[in-house]
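Trainee: According to the working numbering, the sequence shown is numbered sequentially starting from 1.
Within a straight-line C-alpha distance of at most 35 angstroms, the following computed DSBU-like cross-link-like pairs (lysine-lysine) qualify: (1) LYS56 - LYS18; (2) LYS49 - LYS18; (3) LYS152 - LYS173.
What the hints contain is simulated information worked out from the structure, not anything from laboratory work.
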Amino acid sequence: MEKHTEITADEAFSLYYKSIYNYILSHLRGDSYLAEDIASDVFAILYHKWESIRPKTNAVIAAWLFETARNVLRNHHHAHTRAPIILSLDDMVDLICPEEDNAAAQVANDLNYHRLLQQLRASLSARDRAFFDAMYIEELSVTALAQRFNIKPEQVYVRRSRLNRRLRTIISKKFQKK
1 MEKHTEITAD EAFSLYYKSI YNYILSHLRG DSYLAEDIAS DVFAILYHKW
51 ESIRPKTNAV IAAWLFETAR NVLRNHHHAH TRAPIILSLD DMVDLICPEE
101 DNAAAQVAND LNYHRLLQQL RASLSARDRA FFDAMYIEEL SVTALAQRFN
151 IKPEQVYVRR SRLNRRLRTI ISKKFQKK
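Using the sequences and the accompanying hints, generate a full structural model.
Mentor: If you want it as structure tokens, here you go:
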């Protein structure tokens, strides 16, 4: 098909669906079902806006489709960004010793709650331990944490995320099956 020949919406679908699908799939870490859904959304938008697109040449349609796919992906990522996870002390113990994990459950039976908590806290740096205590033991709000540590509330979310990552690492190393 020539570069400057106008095409129909059905021809655009036939020509570009696979490319758009693969582009979206590459941004979704292999989630093929979600990639299909988003690709379908892109082409639904194409059909809806078909009359306003000028000229309807291969180059214009391809550029429009990839731009729309990028926008739909960005909207999807914004809509599905995870909210920060706040764990209670009970949740922390559940992470350390889930009931379905017999080896970890045995550890929980052998050690009491406070000993587990102290071991976890001892594995943290002094700075992380202070933040851990304020967040999980004192259960301070984001605003109160920001004031106590003289940081912006946005930084509280970053520190909490990093602390949770460290805690998961410590927990996974401590309770690895041997």
